[in-house]
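Asker: Sequence:
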Amino acid sequence: MPHSYSLFRRGALALACFLWAALAARAQFVSTAPVQDGVINSGEYPAQGGAWAMAWDDTYLYVAKTGGAPNEPVFLYLDVNPNLPANVINASFGSITGTSEYSTTPTLPFRADVRVYWQPGSNYLAFSSTNGSGGWSANSTTAADISAGTSGGTTRELRLRWAALPGLSARPAAFNWFGYEASESQPYFIYDQMPGTNPSGVNGNNPAFTYYYTVSSTASTGTTNPFSRSSYTFPGGTVTGFGGISVFDFNLTTPGGGITRSSGGGAGWTIGGTLVVSAGTLDFGSSSTPVTAQNVTVSPSGTLRLSSVIGGDLNVNGNFFNFNSFQPNGRAVRFTGNGSQTIGGSSLAFDYLTIAGTGTKTLLLSASSSQNLIFMSGILNTGSNTFTLLGNATLTETATSYLLGRLQMSRDLAQAGTAYTFPDGLQLTPQAAPLPGVVTALRTTGTAVTGAEGNASILRQYQLTAPTSTGLNYDIVFPYRDAELNGIPTSNLVLYRSANGSSPWQPLPDATVDPGARTVSRAGLTDLGVLTLGSSAAPLPVTLLGFTAQAAGPATVDLRWATAQELNNAGFEVQRSADGRQFAPIGRVAGAGSSSSARHYQFRDEAAPRAATLYYRLRQLDVDGSATYSPIAAVRPVALGLLLTPSPATDWLSISAAPDAGPAGVIQDMHGRPLLHLALTGGQARVSVARLPAGVYVVRVGTASARFLKQ
Numbered sequence: 001m002p003h004s005y006s007l008f009r010r011g012a013l014a015l016a017c018f019l020w021a022a023l024a025a026r027a028q029f030v031s032t033a034p035v036q037d038g039v040i041n042s043g044e045y046p047a048q049g050g051a052w053a054m055a056w057d058d059t060y061l062y063v064a065k066t067g068g069a070p071n072e073p074v075f076l077y078l079d080v081n082p083n084l085p086a087n088v089i090n091a092s093f094g095s096i097t098g099t100s101e102y103s104t105t106p107t108l109p110f111r112a113d114v115r116v117y118w119q120p121g122s123n124y125l126a127f128s129s130t131n132g133s134g135g136w137s138a139n140s141t142t143a144a145d146i147s148a149g150t151s152g153g154t155t156r157e158l159r160l161r162w163a164a165l166p167g168l169s170a171r172p173a174a175f176n177w178f179g180y181e182a183s184e185s186q187p188y189f190i191y192d193q194m195p196g197t198n199p200s201g202v203n204g205n206n207p208a209f210t211y212y213y214t215v216s217s218t219a220s221t222g223t224t225n226p227f228s229r230s231s232y233t234f235p236g237g238t239v240t241g242f243g244g245i246s247v248f249d250f251n252l253t254t255p256g257g258g259i260t261r262s263s264g265g266g267a268g269w270t271i272g273g274t275l276v277v278s279a280g281t282l283d284f285g286s287s288s289t290p291v292t293a294q295n296v297t298v299s300p301s302g303t304l305r306l307s308s309v310i311g312g313d314l315n316v317n318g319n320f321f322n323f324n325s326f327q328p329n330g331r332a333v334r335f336t337g338n339g340s341q342t343i344g345g346s347s348l349a350f351d352y353l354t355i356a357g358t359g360t361k362t363l364l365l366s367a368s369s370s371q372n373l374i375f376m377s378g379i380l381n382t383g384s385n386t387f388t389l390l391g392n393a394t395l396t397e398t399a400t401s402y403l404l405g406r407l408q409m410s411r412d413l414a415q416a417g418t419a420y421t422f423p424d425g426l427q428l429t430p431q432a433a434p435l436p437g438v439v440t441a442l443r444t445t446g447t448a449v450t451g452a453e454g455n456a457s458i459l460r461q462y463q464l465t466a467p468t469s470t471g472l473n474y475d476i477v478f479p480y481r482d483a484e485l486n487g488i489p490t491s492n493l494v495l496y497r498s499a500n501g502s503s504p505w506q507p508l509p510d511a512t513v514d515p516g517a518r519t520v521s522r523a524g525l526t527d528l529g530v531l532t533l534g535s536s537a538a539p540l541p542v543t544l545l546g547f548t549a550q551a552a553g554p555a556t557v558d559l560r561w562a563t564a565q566e567l568n569n570a571g572f573e574v575q576r577s578a579d580g581r582q583f584a585p586i587g588r589v590a591g592a593g594s595s596s597s598a599r600h601y602q603f604r605d606e607a608a609p610r611a612a613t614l615y616y617r618l619r620q621l622d623v624d625g626s627a628t629y630s631p632i633a634a635v636r637p638v639a640l641g642l643l644l645t646p647s648p649a650t651d652w653l654s655i656s657a658a659p660d661a662g663p664a665g666v667i668q669d670m671h672g673r674p675l676l677h678l679a680l681t682g683g684q685a686r687v688s689v690a691r692l693p694a695g696v697y698v699v700r701v702g703t704a705s706a707r708f709l710k711q
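Under the UniProt record's numbering, the residue at position 57 of the sequence shown is numbered 57, and the numbers go up by one with no gaps.
Hints listed in this document are in silico derivations from the structure and should not be mistaken for laboratory results.
What follows is a set of in silico ranges between Cβ atoms, one per label pair, in the way DEER data are often shown:
{"hint": "1", "residue 1": "D510", "residue 2": "S347", "range": "43 to 51 Å"}
{"hint": "2", "residue 1": "A126", "residue 2": "G244", "range": "35 to 43 Å"}
{"hint": "3", "residue 1": "A163", "residue 2": "H600", "range": "52 to 60 Å"}
{"hint": "4", "residue 1": "M376", "residue 2": "S103", "range": "52 to 60 Å"}
{"hint": "5", "residue 1": "G672", "residue 2": "G135", "range": "23 to 31 Å"}
{"hint": "6", "residue 1": "N568", "residue 2": "P648", "range": "46 to 54 Å"}
Each residue gets a CB set at the ideal place from its N, CA and C atoms; glycine is no exception.
Make a model of the complete structure from these sequences and hints.
Answerer: Right under this line is the structure:
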C-alpha cells in the first residue's frame, strides 16, 4: 500500500468514529432500509464500529464502509450457520482458509460460508460460497447491490440478500462476521480491520485472523449489536505466557497443542459467551487472576487445567459440561449465575466447589469434591445422581442454600468413645467393640419414605453402610432443616430404622429432640441401615416397596411401583416435575383398599415434556383424606433416541442425543443419501436446514435415528 494513504485513513477513521458515536443507539433490525447511495445519513445505520456500519431486516444485510482507498478491496467474511467451536474440524461447515488474493491467503477464525470482495473504485462486488469440502466456489455478483462511492470513493454501501447466501432462504437466526480493507500489491497491507484486535499492517502472505464478531440474535427484538460481541479463536500450535483476554466466545481447537497462561497477576479472563476447549489443552499455569465465563464446555478431545496458585479460580455464570479432562488443580470453581445452571458431561471431580448464585443448579451426573463444598446462595439439585465429599472434605450449608438430593460422605469410626462428625453435622459415636470401620453415609433429601406403621418421614434419610454393620453399640445425632419436617411437629419426631430403606420400619424410642439445634439424638443403636425421622402420630396406610421411572420414547415414560401391604388406600396421584421441586398431577391410579399381600402398579406418561431430566413422585391418598409422598424417581426421556425440534422445521433444527452418542451425525434424504453432516458437543447440535427442499428427512447419530419434516 502506498504510505501516502496512511494519514488520510487515520483521519477518515477518526471522523467516522466521531460521527457515528453521535447517533442514538437502537436496534440493528431496521424497519426503514438504508439506501445504497454512498451517503450515510443520520440514523440510517443504528450500529457502527470504526470505519464500518451494519444493519439488517428480514430480506437484506446492509453494510457501509468509510475511509480507505477507492481502488483497494474490502473483504467481508460471514458464517451464517454458526457452531461452537467456531472452527469446528468438520469441513462441511465451511472454510477456515480465506480465498487467495494478491498472493495472500488468510487463516479465518471460523468456518466461513461467504466471502464478499468489494472494490468500490470499479463498482465491483462479488461473493464466493464454500463448496462443502472446505474450499470456495467461483465468484458471483448476483446476490448483492452496491452504489457508487462519494467523491474520492471513500464512502460506500452494499446490501446482501439473505436468501441468496448458501444454506439460507431468509434471515438467519444468528451469524458471525469480520472484515478488513487491504492493498492490491505486495507487501500486503491490512487496515480498517473489524474487530480492531485483528492483525493490521504487513502480516506476510498468510495473515491469521483470530477475532470475529458474534451476532447471537438477529430478531427484531432483543437483537445483538454486531460490534458488541468480539469472539476469539486460537490459531493453533503451542503458546506459553498467554495474557488476559475479554471476549464473548473463546474457541480452542488445536489437537496436540494449546495454551499455557502467563504467570503472576495481570489481566484475567472474561468470557461472556462460551469457553470451548474442543481439542488440545488450555492450561492456566500459575496465574493468580480468576477466569470468569458464562458457559464452559470441555469436548471429548479437550483438556482444561486450572491455575496452580491461589487466586486462579474459575467463575461460571451459566452451564458447565466436561466430556474429557477437567483438572481443578487445587483451585475453586464457583457457580455464580443468578438463576438455573446445568452441570453435566461424562465425569466431573472438583477440589473446591462453591454455589454462589441464586436459583437451582442441576447436576446431570455424579460428581465429587476433594476439599470443600460451600453454599452461599442457591441450591444444587443432584436428582438421581450422587455428589461425594471425598476424604476430609468439608460442607457448608445454610437454611436456604443447600444440596438437594443425594450426598455421600465417609468417616472411619476407629476408636470407641470418640464422636465422629460428618460434613453435614451427622454424628456417630461408637461406644464399644465391635467397631464398624469406615462408615459411608448416603444422605437423601427432598423426598419422604413411608413405613408399615404408616409414618411419613421427614424429607431426609441416611443410608449407613460399613464393613461391620450389626451387633454394634453406637450413638447418633441426626440433624435436619426446618424445611424438611414435612409438616411433622418437632414434638412428634421419632427416629426410625430400616434394614434396606423399605418396610418394615422400626421405631427407635427414647430419642432426644433439640428444636433449637435442629437435631434428634439417640444412644445405644445396634445396627446400621437406613435412618430417618417420622411422626409418632397419624399413621399412614401404605408400605411402598419401590418406585421406578423408565423412558420408553422421547415423550413417553413408564412408571412402576409395588406395595407390600395397604390399609384404607384410596389410590395414588401421579405427579411430574421439571426441576425436582415443583410438582403437578398428571394422572391417578386406584389403590387396593386394604391388602396384606404385594400389589404391583404401573402408569404410562405419554405426554412427557422433552426436558433433559424429568422427576416423578406418587401422592398416596388414604380414604380419610390423609396423604404421603413417595421418593422421587428421575429419568431422561431423550436418552433412548434423538430429539429434533422444531418439526416441522423451516430455518434451524436442534438435535439432542445421548451425551455418549458420538461427536458426528448426518442428515439424509429418504433414500439414504447424506445431505448435511453434523458436529455434536455433548449430544447437542444446531444446524441450518433452510437450504433443504421441503420434505421428510432422517437424522442419524450413532445408532439412533429420527425423522423431521422440512417446510
